[in-house]
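For the protein sequence lines, the chains are Z and C, in the order given. Okay, so the first sequence: first residue is -18 according to the numbering used here, each after it adds one. Okay, so the second sequence: first residue is 2 according to the numbering used here, each after it adds one.
Don't read these hints as lab results, they were simulated from the structure. Please note: incorrect hints may appear among the correct ones.
[Unchecked claim] Covered, in the sense of this in silico footprint (three residues per stretch, anywhere, with C-beta under 8 Å from a C-beta of chain Z), are these stretches of chain C:
{"#": "1", "segment": "223 to 229"}
{"#": "2", "segment": "454 to 466"}
[Claimed, not checked] Covered by chain Z, according to a simulated footprint, are these stretches of chain C (three or more residues, beta-carbon under 8 Å):
{"#": "3", "segment": "34 to 42"}
{"#": "4", "segment": "97 to 103"}
{"#": "5", "segment": "310 to 321"}
{"#": "6", "segment": "537 to 545"}
Beta carbons: idealized from backbone N, C-alpha and C, even for Gly.
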Amino acid sequence: MVEGEEELIRTSVSEVLGEQEAVRESLIPILLRVQEKLSYLPPLAMELIAGALQIPAVDVFGLATFYNQFRLHPPGKYQLQVCMGTACYMVGGKIALDCFERRLGINEGETTPDREFSLERVACVGCCTLAPVVVVNEEVEGRVTPTRVDGILIAFGKKIQPSTGVGEKKGDDGS
Amino acid sequence: MTVETPYQERYRKLKDSAAAGEEALSRQAVIQVGMATCGIAAGAVPVKEAFVRFIEEKNIDARVMEVGCMGHCYAEPLAIISKPGFPALCYGYLDEDLVERLVEDYLLNDDPCYEFALVALEPNDVFPTLSDFPRGVHEKKIVLEHCGFIDPGEIDHYISRGGYSALAEALSGTPATVLEQVKESHLRGRGGAGFPAGLKWEAAVQAGGGTKYVICNADEGDPGAFMDRSILESCPHQVIEGMLLCAYAIGAEKGYLYIRAEYPLAVKRVRLALEQAREKGLLGSSILGSSFNCDLEVFRGSGAFVCGESSALVRSMEGKMGIPATRPPRLAQSGFRGRPTVLNNVKTFAYIPPIINRGVDWFRSIGTEKNPGTAVFSLVGKVAHTGLVEVPMGTTLRELIYDVGEGVANDKAFKAAQIGGPSGGCLPEAAIDIPIDFDSLQEAGAIMGSGGLVVLDEDDCMVAIARYFLEFTQQESCGKCTFCRLGTKHMLDLLTAITEGRGEPEDLEVLERLAWEVKEGSLCNLGATAPNPILTTLRYFRDEYEAHINEKRCPALMCSELIVYYIEPSKCSKLCSVCVGSCPTEAIYTRDDGLKAIDQDKCTKCDNCLKTCPPDYNAVIKLSPPGLLAEKEGGKGA
Chain Z
-18 MVEGEEELIR TSVSEVLGEQ EAVRESLIPI LLRVQEKLSY LPPLAMELIA
32 GALQIPAVDV FGLATFYNQF RLHPPGKYQL QVCMGTACYM VGGKIALDCF
82 ERRLGINEGE TTPDREFSLE RVACVGCCTL APVVVVNEEV EGRVTPTRVD
132 GILIAFGKKI QPSTGVGEKK GDDGS
Chain C
2 MTVETPYQER YRKLKDSAAA GEEALSRQAV IQVGMATCGI AAGAVPVKEA
52 FVRFIEEKNI DARVMEVGCM GHCYAEPLAI ISKPGFPALC YGYLDEDLVE
102 RLVEDYLLND DPCYEFALVA LEPNDVFPTL SDFPRGVHEK KIVLEHCGFI
152 DPGEIDHYIS RGGYSALAEA LSGTPATVLE QVKESHLRGR GGAGFPAGLK
202 WEAAVQAGGG TKYVICNADE GDPGAFMDRS ILESCPHQVI EGMLLCAYAI
252 GAEKGYLYIR AEYPLAVKRV RLALEQAREK GLLGSSILGS SFNCDLEVFR
302 GSGAFVCGES SALVRSMEGK MGIPATRPPR LAQSGFRGRP TVLNNVKTFA
352 YIPPIINRGV DWFRSIGTEK NPGTAVFSLV GKVAHTGLVE VPMGTTLREL
402 IYDVGEGVAN DKAFKAAQIG GPSGGCLPEA AIDIPIDFDS LQEAGAIMGS
452 GGLVVLDEDD CMVAIARYFL EFTQQESCGK CTFCRLGTKH MLDLLTAITE
502 GRGEPEDLEV LERLAWEVKE GSLCNLGATA PNPILTTLRY FRDEYEAHIN
552 EKRCPALMCS ELIVYYIEPS KCSKLCSVCV GSCPTEAIYT RDDGLKAIDQ
602 DKCTKCDNCL KTCPPDYNAV IKLSPPGLLA EKEGGKGA
């Protein structure tokens, strides 16, 4: 946790709790609002919410892990979302995702240790005509080839070392 | 002429004032820029800004308007220019330069630049209209009627085109009349299964008095489908009006639109639309001065495919995990907060106002007897003209793909149509002459589903497609039923093994048996339809599975474990080294003789070299099975 983060989490959560009625039905709206403020759901926030709604923390955690929308890791400064809709997948979405994973050294759903980049896969963003699509900081980038992957990363100051491709193949993608 | 009721009078006043506002503006040129999510992604924002800027610079009397999706996604960014004295023309593939030219030549001077126009929107003597194209002949727009022509942020645009008149008419009659009309129309719910909407509503009425709810399911989680998003972004009021009519028919005073949080623009536009409807007295208490009260609000879903299942959706609204419940009781008896609830899809609600306005007979004259109305598809994949289309039920898949979509893109051979998303199936060339309706598709092994239609060509591996969908359903399985939870995982493992060349001949039998068991042993439709992609590909493309298993070969050259990249020395040129630069892993090197070759140990099979190799050479090829490489390299005597 970065300095001052705990304070930020506490104030954000209490602000959101002030807006919403403290009942179970508000749980998803509360989590969405907290995530909008903090860009992810830290364990502390989930505990605070559970306390306020007088429900076990595991219920909040269960919900946060059940729904795809919630993020348990802090996102990077640059957020990369690779579309895995059918059209994108068929024309190289997986290839683009592999390239990002290789270059950043992280798996999808993770953030680089320096919190510069985070990588996620999203279901269809509805831009199937531009496939394969990558959403870079909310902006849609179409027809992303491996060269373009490098281009995107270089544009954000990432140093690209030509990798050998040997021994870098990752195993189970954690699904 | 019949006497006008107070509600109709009140509505007429609203409409007159809306029409007056429109009328005042119709004397100037209007530019309508398509600004749904897809249009914005394709670059509609700079296009719109360019129009505004050039118009201001040249001091032209024209108005730039944001509209929703027109459905011609292949040509985004799109704009319709209506200039008095000319037919309204639609222009596609816009960029700033083209915008400048259109402003200069057309708006300032009078040359409509026909060479850039796609289609005219009204009959005229100079330019073809939609009905002159095969797509226009097949298309019949009911749900998408206003999409792309009105500003979703302006309720007056909808009202001036007759919007909310169905509500005014319904309020003048009784709730029973509305219910009767919907029942008589034989409208089937467009969420996928095709349950008659009227029967659902009737069940909610019969459930007795007290609090009831209306919920609109806009949790479109199906990858490859985006029509619900487009409708909500382009014409939210039609859905709102449909929900109000339903609420009136069943006696509900509260409703929710359950919209995915992944659709921020749709959420924003619907919230704005609700606000505007409230201001006009079309929503809230005593609607149009009547005793009917109903308020609607947005509930943001948080991304779980299973929440498309009605009981799971309701549970998630109650702040719980979206896990389906056993039925009965149906939602119509005991739904949200244990009260009778009618839950319908976005499109289902959007059909209601036109049915009330134009009558049951009109609606039933479209489509087929058992499946009246239209079907909305998002036509994507390897089809030339991707987009959002609406055709009468009973149109064949072939017509949809070859006439409306103009066939397979890039002169490739058609392989399959994937219809219905993860719950649907893949239909081969031989099966695409079937009419599109709920029953025929089910018979062929696919389902109508939410209406995603992905066209696959010769480069797409059917085993990989089945695996892709299984990966999706396996991740989205809520975990309640053992068969779904473990069965999908086991099927996914088998498919993964097959695509990686580790498949065994008996795997196919196991897959088939598991598929049927998962179908039988799952409570909700997620599990019951999850094996469909496997069953249809096994039924129609068994030879591809067998090639993967027996020969370790991927016929479509797609499965990366079963292919190698190779540079054909006879085609490669010493004068070109594009591929060397394109390789992200420095696997390509220059041989002593100046030609290029690939170090297979370094190659990550990213496809970059194949894409960058100039068409003059086309020297990079894929080989499957990988064993062919030794043959090739042996052949050159290295």
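Hints versus structure:
1. 223 to 229: Contact hint for the segment 223 to 229 of chain C vs chain Z: holds, 5 residues under 8 Å.
2. 454 to 466: holds (count 4)
3. 34 to 42: holds (count 4)
4. 97 to 103: violated (count 0)
5. 310 to 321: holds (count 5)
6. 537 to 545: violated (count 0)
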